[in-house]
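Numbered per the numbering used here, the sequence shown spans residues -11 to 105.
Read the hints as simulated data drawn from the structure, not as lab findings.
Honestly, I wouldn't trust all of these hints.
Straight-line C-alpha distance at most 16 Å; calculated EDC-like pairs for lysine to aspartate or glutamate [unchecked claim]:
| id | residue 1 | residue 2 |
| --- | --- | --- |
| 1 | Lys(-1) | Glu17 |
| 2 | Lys82 | Glu47 |
| 3 | Lys44 | Glu86 |
| 4 | Lys82 | Glu17 |
| 5 | Lys(-8) | Asp53 |
| 6 | Lys(-8) | Asp3 |
| 7 | Lys51 | Asp4 |
| 8 | Lys44 | Asp3 |
| 9 | Lys51 | Glu17 |
| 10 | Lys82 | Glu95 |
| 11 | Lys(-8) | Glu86 |
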Amino acid sequence: MSIKYVNNLGKITIDDSVISNIVAATVMESYGVVGLASQTTKDDIYQLLKLENMSKGVEIHRKDDGTIAINISIFILYGVRIAVVAQNIIDNVKYTVEKSLNVRVSEVNVLVQGIGE
């Protein structure tokens, strides 16, 4: 799916992969994040994603009211306060997506899948 805008100059289409990349970049700027996580289909075990695959740790869901919900799977740094890091991610992702793409974000869910160093 994608976001579509129409104005007097033409049509603008923003693909979900663009949203995922913006979210992944924003998350990786947050203190306390080791990286994004993705679930392996074989063992249902989460693995740390490499830089080129970061957007696989982000899921975008469209709601009926035109907003989007974002699920982010991460590995967090050992010793940090998980609730504080998660709240910072929620605030930063919501702000960045809404300001960059002019789309309302109804929810941001941070799923901590593991702890790393």
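Quiz item: Among all the numbered hints in the text so far, which are the ones the structure does not match?
Solution: Numbers 1, 3, 9, in rising order.
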